[in-house]
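Number of protein chains: 2
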Amino acid sequence: MPEFFNVRSPSQAFDDLRPHIFAISERETIPTTSALGRVIADQIRSPEDLPSFPKSSMDGFSVRARDTFGASETLPAMMEVVADIPTGAESDVELSVGEAAVAYTGGMLAGNADAVVMIERTQPADDTSIEILRPVAPGENVVNEGEDVRAGDLLFSPSHAIRPQDIGGLLALGITEIEVLRRPRVAIVSTGDELVPPDVSPPPGKIRDINTYTVAARVAQCGAEPVVIGLAPDEYEPQLQAARRGIQSADALVFSAGSSLSTRDMTADVFNQLGNPGVLLHGISIKPGKPTIVAVADGKPLFGLPGNPVSALVVFDLLVAPTIRLLSGASSPPTTNTVEAILTADIPSESGREDYVPVTLSKSDGQARATPVFGKSNLIYTLVNSHGLIQVPADSGGLYAGERVSVNLY
Amino acid sequence: MPEFFNVRSPSQAFDDLRPHIFAISERETIPTTSALGRVIADQIRSPEDLPSFPKSSMDGFSVRARDTFGASETLPAMMEVVADIPTGAESDVELSVGEAAVAYTGGMLAGNADAVVMIERTQPADDTSIEILRPVAPGENVVNEGEDVRAGDLLFSPSHAIRPQDIGGLLALGITEIEVLRRPRVAIVSTGDELVPPDVSPPPGKIRDINTYTVAARVAQCGAEPVVIGLAPDEYEPQLQAARRGIQSADALVFSAGSSLSTRDMTADVFNQLGNPGVLLHGISIKPGKPTIVAVADGKPLFGLPGNPVSALVVFDLLVAPTIRLLSGASSPPTTNTVEAILTADIPSESGREDYVPVTLSKSDGQARATPVFGKSNLIYTLVNSHGLIQVPADSGGLYAGERVSVNLY
Numbered sequence: 001m002p003e004f005f006n007v008r009s010p011s012q013a014f015d016d017l018r019p020h021i022f023a024i025s026e027r028e029t030i031p032t033t034s035a036l037g038r039v040i041a042d043q044i045r046s047p048e049d050l051p052s053f054p055k056s057s058m059d060g061f062s063v064r065a066r067d068t069f070g071a072s073e074t075l076p077a078m079m080e081v082v083a084d085i086p087t088g089a090e091s092d093v094e095l096s097v098g099e100a101a102v103a104y105t106g107g108m109l110a111g112n113a114d115a116v117v118m119i120e121r122t123q124p125a126d127d128t129s130i131e132i133l134r135p136v137a138p139g140e141n142v143v144n145e146g147e148d149v150r151a152g153d154l155l156f157s158p159s160h161a162i163r164p165q166d167i168g169g170l171l172a173l174g175i176t177e178i179e180v181l182r183r184p185r186v187a188i189v190s191t192g193d194e195l196v197p198p199d200v201s202p203p204p205g206k207i208r209d210i211n212t213y214t215v216a217a218r219v220a221q222c223g224a225e226p227v228v229i230g231l232a233p234d235e236y237e238p239q240l241q242a243a244r245r246g247i248q249s250a251d252a253l254v255f256s257a258g259s260s261l262s263t264r265d266m267t268a269d270v271f272n273q274l275g276n277p278g279v280l281l282h283g284i285s286i287k288p289g290k291p292t293i294v295a296v297a298d299g300k301p302l303f304g305l306p307g308n309p310v311s312a313l314v315v316f317d318l319l320v321a322p323t324i325r326l327l328s329g330a331s332s333p334p335t336t337n338t339v340e341a342i343l344t345a346d347i348p349s350e351s352g353r354e355d356y357v358p359v360t361l362s363k364s365d366g367q368a369r370a371t372p373v374f375g376k377s378n379l380i381y382t383l384v385n386s387h388g389l390i391q392v393p394a395d396s397g398g399l400y401a402g403e404r405v406s407v408n409l410y
Numbered sequence: 001m002p003e004f005f006n007v008r009s010p011s012q013a014f015d016d017l018r019p020h021i022f023a024i025s026e027r028e029t030i031p032t033t034s035a036l037g038r039v040i041a042d043q044i045r046s047p048e049d050l051p052s053f054p055k056s057s058m059d060g061f062s063v064r065a066r067d068t069f070g071a072s073e074t075l076p077a078m079m080e081v082v083a084d085i086p087t088g089a090e091s092d093v094e095l096s097v098g099e100a101a102v103a104y105t106g107g108m109l110a111g112n113a114d115a116v117v118m119i120e121r122t123q124p125a126d127d128t129s130i131e132i133l134r135p136v137a138p139g140e141n142v143v144n145e146g147e148d149v150r151a152g153d154l155l156f157s158p159s160h161a162i163r164p165q166d167i168g169g170l171l172a173l174g175i176t177e178i179e180v181l182r183r184p185r186v187a188i189v190s191t192g193d194e195l196v197p198p199d200v201s202p203p204p205g206k207i208r209d210i211n212t213y214t215v216a217a218r219v220a221q222c223g224a225e226p227v228v229i230g231l232a233p234d235e236y237e238p239q240l241q242a243a244r245r246g247i248q249s250a251d252a253l254v255f256s257a258g259s260s261l262s263t264r265d266m267t268a269d270v271f272n273q274l275g276n277p278g279v280l281l282h283g284i285s286i287k288p289g290k291p292t293i294v295a296v297a298d299g300k301p302l303f304g305l306p307g308n309p310v311s312a313l314v315v316f317d318l319l320v321a322p323t324i325r326l327l328s329g330a331s332s333p334p335t336t337n338t339v340e341a342i343l344t345a346d347i348p349s350e351s352g353r354e355d356y357v358p359v360t361l362s363k364s365d366g367q368a369r370a371t372p373v374f375g376k377s378n379l380i381y382t383l384v385n386s387h388g389l390i391q392v393p394a395d396s397g398g399l400y401a402g403e404r405v406s407v408n409l410y
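Protein chains in written order, with this note's numbering: chain A, 1 to 410; chain B, 1 to 410.
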């Protein structure tokens, strides 16, 4: 098993994998109102001008701007108010010289008006007239036809992931359905003779399977669809069958593969059976998470995650999460949720290996503080009782109490 | 309408509102596997020890530690291998002096073994014997019974929001159902005579409603359930009826209320009819978003958001999102997604008012740069064509090109 000792860093491992991963090409048409987080398949151009008519952006009076030129507090321009155009109503008024129409925010102007005087810049003169105290320029306090977007404008490029305001932007133009890429599906297999499903009381020597469900929850958080294949014992044929079911029903496969040497070898053998090029690497220079396997079977990425929960989560975030992003076709950078904090204790580390250490966060004197949790990485409550992870870079011999660190929140 | 000019800052506004908001008390029992993001209702204690038996954390040999004392490369301890205890199997072996049993990561030890020697610290002697090259201490390479958690330990306090590893931690102990707080429901009403539903082609003077759907998407992003009530015209009775339907079916109400003076007044009147204490404040010292109304009706928070989309989003994030968090009962801090960047242009601002300016992000020379988008806040594509918002603090006269700023990503 010489390749196990030829270890790569997590980012090198991802570089090895990246050329084999392609965005999902299948598409589906969905209502725009349900498209949050989905990835746009084709470019979208505007079918019309937005707004479709010039709108007032203030409460006041629509006017012909030239009628206000020279107006001042001492010499106001007197205007006759000939109409009131409510918001939402069509205007059928044309102004003559010295005439104005009441305008509302979002409402139409009079037909030949080209500006709006804010109500605060006017005062009533008599029942039907106002005095304008300052001139307005043409276009002032008006949102012009097509000022937001014009018919034919590029609205969205392919690969854009939809945010709340994008839903609004599409609906504003009447685009109530869009074509998006199918969400990636990730199959999950947990292997090990010691595992029973979580609703079974384990007999002596056995434990409940948890990685299936922590991995499924992370897959869902990444915007993909988890496909739970179930448990497989430490035997080659059942594992191969489970893996085949996984890649038939999904775009990627995660094996929570146990950490003993024999089970790691079996996972590598299974992955090599599934397609080409097979296992890319076996082991990465990281703690915890070293016994990780990365493979590709005919375009589908396969991951053998270490069985212990801390390692599985660390490796998921470094390799599986960015893979899901590539599969999803989303072009935007991944969102990271980090907090800057002061480290409260030294963290020793070996140079040449990235370490990931769970920390708890607390606040004192208005300053966030990160305290390392040096629990064993095979204890799930090490993760439960912490708020995030900090990375000790490979080129450092450790971190010191008092250093400023960046905590990746779960 | 004097209260409109007695403006509060966004954080003062939230301070005014906070004493009126209580976490939802209704509970529901759901499968643990579906609990991601949900808020735990009661404290949860462990029903059992985890692990339930001492486990090996290495591949190697379980031994009685005292049998290895004094072992070295030059004077190895010879041990008879009397059993092989596969992972998942119950051990029925007791070791005598000088005996060892093959142990696997995650597997049981021999009955009276108290340590595991890593396979790398042994060498085969003959077919049934090994040489141990280093001593082990009692407990070495063993995860003890109850080392992760003990029966009766507090696992989770009420108000904890479930993360992927928490699902694992619960399932590891056989807790397959949990009691959680009901998700907050937020009713949404868009008002305005100018609005038509997005699937209707608007006649002249009218526009498609978009705020209902951008707000609904943000509500969903915050982990709450949007309840779309629909459109109401600029008339008191229909708005009151829509608002009543909203607070009957939800825990909070958002009115996307238009920005003209008359519609703001109507929203305030409607809110004052719904319950006590009614309108808390009308207007906040922020741009965009000044014409915001905050009210409470018999324990239910009510928000009148400005009709224009940029303002609505800014105010949602400052007031509605933290309100949803309080309603949800979650104790953990809100997650924020920010990027540090260098500002590429000056942003003038008035002191005494918080400004929020959309920016686009780009990278040059390895440095993130934020470029202000000075679009009008009533253009939805100002938001669509930007990546996040920066805040210009109230006590500053603006920000300068070259300054380091923190961008809140959408």
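A portion of the hints provided could be inaccurate.
Since the list gives no way to pick out one identical chain from another, each pair is judged satisfied if it fits inside one copy or across any two copies.
[What the hints assert, rightly or not] Below are the SDA-like pairs computed for lysine to any residue, each with C-alpha atoms no more than 25 Å apart in a straight line: (1) Lys-287 / Asn-112; (2) Lys-300 / Ser-129; (3) Lys-376 / Glu-90; (4) Lys-363 / Ala-321; (5) Lys-300 / Glu-90; (6) Lys-300 / Ile-119; (7) Lys-300 / Asn-272; (8) Lys-376 / Ser-52; (9) Lys-290 / His-20; (10) Lys-376 / Ala-137; (11) Lys-300 / Ala-137; (12) Lys-300 / Thr-176; (13) Lys-363 / Gln-391; (14) Lys-376 / Glu-140; (15) Lys-376 / Ser-362.
To be clear, the hints were calculated from the coordinates, so they are not data collected in a lab. Model, not experiment: these values are computed from the prediction.
Quick one: which hint numbers does this structure break? Sort them smallest to largest.
-> Per hint list: 1, 2, 5, 6, 11, 12 violated.
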